[in-house]
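Chemist: Each chain is listed here by its residues.
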Amino acid sequence: MRTIVCLKPVPDPKHWSQLRLDPKTKTLIRREIPSIINPLDKKALEAALQLREREGGEVVVLSMAPPNVIPVLREALAMGADRSILLSDVAFAGSDTLATSYVISAAIRKMSPYKLILCGDQTLDGSTGQVSAQIAEFLDIPNLMHVNAVETRQESGYRVRSRIEHGNMWVGVKPPVVLSVSKEMNEPRYITLMNILEGERKTIENWSSRDLLLTEPWVGLSGSPSQMAELFMPEARRRLEMLGGAPSEMVKRLADRLHRLGYC
Amino acid sequence: MVESNIWVFAEQRQCRLADVGLELLGKALEIAAPIGWKVAFVLVGHSLNDLTEQLLTYGAHEVLVADHPLLSSYCNQSYAKVLENAIRKHHPEIFLSGATAMGTDLSARLAAKLRTGLSAHCIGLELSSERKLLAVVPGWGGNILAKIYSPSTQPQMATAMPGVFEKPQRRKPRGKIIPIDANITPEDVTYQVLEIERGEIQEDTLERAEVIVAGGWGIGNKEEWHWLEKVASVLNGAVGATRPPVDEGWAKEGQMIGQSGRTVHPKLYIGVAISGQMHHMVGIRDAETVVAINQDPQAPIFEFCDLGLVGDYKEILPPFIEAVKQYST
Chain U
1 MRTIVCLKPV PDPKHWSQLR LDPKTKTLIR REIPSIINPL DKKALEAALQ LREREGGEVV
61 VLSMAPPNVI PVLREALAMG ADRSILLSDV AFAGSDTLAT SYVISAAIRK MSPYKLILCG
121 DQTLDGSTGQ VSAQIAEFLD IPNLMHVNAV ETRQESGYRV RSRIEHGNMW VGVKPPVVLS
181 VSKEMNEPRY ITLMNILEGE RKTIENWSSR DLLLTEPWVG LSGSPSQMAE LFMPEARRRL
241 EMLGGAPSEM VKRLADRLHR LGYC
Chain L
1 MVESNIWVFA EQRQCRLADV GLELLGKALE IAAPIGWKVA FVLVGHSLND LTEQLLTYGA
61 HEVLVADHPL LSSYCNQSYA KVLENAIRKH HPEIFLSGAT AMGTDLSARL AAKLRTGLSA
121 HCIGLELSSE RKLLAVVPGW GGNILAKIYS PSTQPQMATA MPGVFEKPQR RKPRGKIIPI
181 DANITPEDVT YQVLEIERGE IQEDTLERAE VIVAGGWGIG NKEEWHWLEK VASVLNGAVG
241 ATRPPVDEGW AKEGQMIGQS GRTVHPKLYI GVAISGQMHH MVGIRDAETV VAINQDPQAP
301 IFEFCDLGLV GDYKEILPPF IEAVKQYST
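Residue numbers (my numbering), protein chains in the order written: chain U, 1 to 264; chain L, 1 to 329.
Just chain L, same shape as in the assembly (with noise of 0.2 Å):
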């Protein structure tokens, strides 16, 4: 008997497991323990008990567990088909899952398929009073944040982006493995994986990072990047930027923060000509302290930082190198 109220979907491809699955589980022990709710991870695949044990010591109630060789590449239309079914069997009040390229369409198919609401994208998740799953929503590039709601259809869906959430502590393994049909036939698979290019594995550096340096457009070309990653390296922080840098290749897509890029919670942003466009400041809300950079005193990042420096960085970051060496040393 399944008994969890919230479902939070345990994204793996290859038997590799996301973060956002550990990440949203995190919080959904979080908002269900109030209330003396219980959650579960749903895995769907094959060959998975080494992820299920390993589950188990993230805090979950229950693991609920889809095993089934024609899972074992992820199709959206047979995943989504053995959750539906189980969601129809179980009624799990609320059900999650990462805003990953996994998780987007797959839960998109799965609302679509049980006529439901689904948030995108959140960044932030509530409770209500009644029990409602209020999801925390930027819009309009960041500019505009709304609470989504589902107020009369079951389960209330969303999405959550990477790296809003914490990953819970591992624990001594608590829970029950609970078995759930995988009842797809041959046709239910309904595309086939033939090749999968492995890129560049990212790192989480922005994720973890205690100082960030960001750049912006402002910087100007890629021959004056290097100053943002000196004054990253006497900061032990990261390197960060805006779109304009990565779209321009002085910085990686893996270094863009903000509503399409990174979420990050260091303690100390310092954005060098960055203008403040919502949609990259909406990824360093949760930052303690935002310093500013930038020529124009009317950038809007100014009105989003603890301390604002106007003028040309060319001139600030020399100098600030070594003032920072020397109280290191």
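The following block holds chain U by itself, in its conformation from the complex (with noise of 0.2 Å):
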């Protein structure tokens, strides 16, 4: 059985505050903020490993990314992944989540027979927690989001249990599946000096459009339909006062401006 689990590097959050629009341009400055698994994403491996652990098979990670992430799949190498694919090519760059649907849907084809996809809910700098969903619908098998528990049955496939509002609902289901895990899905491993040795040995196989078979000029800028009009940072429309002096100055002065407002 082969499972893939896709993974994508995201911007480390600890550096975002540094994030700044360029006033003229409009355009986010980036500066040089250093990648991360994407933590569900990493949730999604981990699951992977465990299933592996359980019942055997191949555990591929796939990802959409530039070349410069090389440390970040080898990371998922050092976690224990098989292998590493690495989807990588300029007629890519401007995907939105239809366009990377479609190029990973395309990558993954090219991997049957497969069993199992297991994604993140959703990355930590997009966030549209689409890319799983879009997937499944391009290879038109089922999906399930926000996963938090998976068992096998062995007749059946999959008992799922996926969280809704106010609760979980479990579901059966076969595969070929994609699955995309919330936060509480588990924790993953640590990853040891052996480990990271062990993750060095193993090649990274980089993927171009060429290598796929594209029937759709689904990809790129050309092919992604969701267009930004505008970027902007949120307004700092408040008008900061503060209320200095001694605790008991401060506490006295901010009950009576709340009683002139009207709050107590």
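Read the hints as simulated data drawn from the structure, not as lab findings.
Since the model is a prediction, treat every value here as computed from it, not as a measurement.
Treat the hints with care, as some may be off.
Listing some non-contacts, in silico: residues in chain L with all C-beta distances to chain U over 10 Å [claimed, not checked]:
1. Trp37
2. Lys38
3. Ile178
4. Glu248
5. Met281
Here are the simulated distance ranges between beta carbons [said to hold, decoys possible]:
6. Thr192/U to Cys15/L: 31 to 41 Å
7. Ser17/U to Asp312/L: 19 to 29 Å
8. Ala229/U to Gln14/L: 34 to 44 Å
9. Met228/U to Cys15/L: 44 to 54 Å
A virtual CB, placed ideally from N, CA and C, is assigned to each residue, including glycine.
With the hints as a guide, bring the two chains together.
Modeler: Here is the structure:
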């Protein structure tokens, strides 16, 4: 059985406060923010590794990103993935979720037969949470999101617990299926030095658009219906007034102001 | 003949309507009115008669209903197929749904079927002068907002966070109920819901609260959390939290405010020991008055508040509670 884990390198949120907009071009100034594995994708990989421990098979990590994300893929290999495939091509640049899902689904199709495709529910940066469902749609197979437990049943496939508003639902579904996992799924394993050395010995394959059977022109910027009309920072429309003094004075002034505003 | 230009997905599970569908209907009616567009509620499921009548009281021009025994429990593939057929037949300009567990993956599959763009988790919706849907979408943990649109494909699609828009007032029923085809087969239902575990029903007290007192990581431990409850109590407010207190178990998941939690609209928000990360602050954008209490004068929250107090909350909250009590008596 083959499990494919879709993994996105994302800019490390520790550095996001440095994000600024260029006042003239209104584009994002990212500077050199280092990448990490999107945290929920790491949980997807952990889930794949645990399933492999129970049932055997192969875990392939699939990522669509520029080539400078190799260190992030190395980390996935160190965690225990068997293979890593990087989908990298200038033709993919500017892809929105639809185009991204289309390219990833073409790569998955090339890896048939597969039983399970695991993703994180959403990424830290874009947070659209659309790609897993759209991959499934392009592959014409079922998908479930917000997954926090997966049980295997011999005859009938998987029994999956998926979080909904006010609770969970248990769902029976047959493979192949795309599951995207939520934060309650698991805690990813730690990586030892041995793991890192083992990861170094594995190869990272690079597939370009020519390696994929892309039947439609839905890649890159031209294949992306969504466009950005405008980027802006949340407006700082509040006028800060500091209430200074000793704690007792501050408190008195605050209570007085709230009283005048009618809150007490 | 279906005439509506904007379709709003009326999310229901076990015949219980989700508020977000009503909130989106309210917003859709608001943006449609100036240009004379019509708005439809789209209901998919089985045995929906009671809901259908109810939906007519919220002001939709049409209620489109796909009713079929195979649609009795939600499956994204069967629901998406029914909606795809209806959209291809009637060509609405815009299709909106909630950014809920159901709405998120249903819309994503539907957008892929229709090869159109989908703006996710939006916190604002506008119609441009060219009648393009501009969706305000937070990215990078709320540090950046983007206006996203799909100028060349139809329908234009977006999902909106629950609690962002206001539900319309109920009124005298109006509009037409129009059945739509539900040509599906058992093969379209590709997974079976075996069991639903109902968790604690989270009341929408935060969304309705006029005063919210929220705590962050700086509260330090569970034992001190009661100070927030005491402040909220004297101000007749509710208690909210950032992510760390929820992860630590000091507060409940339903109390989390921000991009991955709730969007709230209080008159007064008091942030205690909260640094002010954007993914939290984006959830309180609409608050009328924002008060920040933090030991660190450099905390980002001071850039987004009206009244700031630098100091240890343990020295500020106890006398503050007493001071408020004096005004109230």
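Chemist: Of the hints stated earlier, which fail here?
Modeler: Failing hints, ascending: 5, 6 and 9.
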